[in-house]
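Chemist: The residues making up each chain are set out below.
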Amino acid sequence: MTEFDPDDKRLVKFLKQYRPIAPQETVNLEQQLMESIDSQPVAVERKRYSLLHLASVTVGALLVSLLGYRFFTPSTTTAELEIFMVNSWDGAIGNESFSSPIESPETDWLILGDRDTQDSLDETEFEK
Amino acid sequence: MIKVLKDDRAETPDTQLVLLTQQGDRSSFGELYRRYHKRVRSTLYQLCGEYLLDDLEQEVFLRVWKGLPKLREASYFATWIYRITWNVASDRRRHLAKSRRWRQKQEAEIFSVELAREEHFASDCASRPQDSPDLMQLHYQDLVQRGLQNLSLEHRAVLVLHDLEDVAQKEIAEILNIPLGTVKSRLFHARKAIRKFLQEQGASL
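Top to bottom, those sequences are chains A and B. For the first sequence, our numbering begins at 1 and goes up steadily by one. For the second sequence, our numbering begins at 1 and goes up steadily by one.
Source of the hints: derived by calculation from the structure; they are not laboratory data. There is no bait here: all hints are sound.
Cross-link-like lysine-lysine pairs, in silico, BS3-like; alpha carbons within 30 Å at most:
no.	chain 1	residue 1	chain 2	residue 2
1	B	98	B	66
2	A	16	B	170
3	B	70	B	170
4	B	170	A	13
5	A	13	B	192
6	B	38	B	98
7	B	184	B	196
8	B	184	B	170
9	B	38	B	184
10	A	13	B	184
11	A	16	B	192
12	A	16	B	184
13	A	9	B	196
14	B	196	B	170
15	B	38	A	9
16	A	13	B	38
17	B	192	B	170
18	B	38	B	192
19	B	38	B	70
20	A	9	B	184
21	B	170	A	9
22	B	170	B	66
23	A	16	B	38
24	A	16	B	196
25	B	196	A	13
26	A	9	B	192
27	B	38	B	170
28	B	38	B	66
Please model the entire structure based on the sequences and the hints provided.
Modeler: This is the structure in structure tokens:
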């Protein structure tokens, strides 16, 4: 509290002695107030709790997603990938060579021996 | 978990009542109302006058009810409720500034009430040569009220809270959200102004 000088002390005493008295309530304010708050639930704290709950659920879901991605995705090394690619490539090349009738040894023999076969082969090539 | 019997609420500390109210306990809020409504009403009356006093008081407690869950320090309740009271009084002043027509009507009403009081006082004085203590009490109450009305709302708030409601200066600084030095300064000027007014009106201090 303030250190009063004598003048202030007298003034404050006077003010307290003759302070204006608030008039009585014209209605039953307490009853009115309680009726008013009955229609206004205390929601803020619950809302805060809900928000907290939602935030923790979101963070949890993110963690689960990240950990799931990390642990449940099959790990593939570079070496395995290389082997897979080489095998695929070889397979593709192998199929290609068998499917070409021109480059087979039997075809080469036919070209040398038979003119008609040569023409028919040429036609086949054009059709392709 | 706080366990308080309903019958014991009158003896329950404010902090526990605040915590219970934050959990939605309406009867604890009712007890807080009964403890604080006179202080709130008195402060509002000295800051804003009589008009719409019931509505303003109810506004304060509705704001308390709505805002209480946000109050983190239950021990801060007394300061906080004064702060809401101040905010309601300030809002009312802003509202009054907007409605000029209403203010003119209010001034006319105040003038007529004051005129009636003065006439009543004069007739009483004439009929009774010596002032009765009750009459002097009324006269001085009227003087103090007018003296307070002469102050700006900022000065009045500091004077009312400090000198009439016995709120500490540091707490007033928190309530009004101003530095402590400003509280001291306003208190000094408010006292000076009201002392001058009262002395001019013939009050012996």
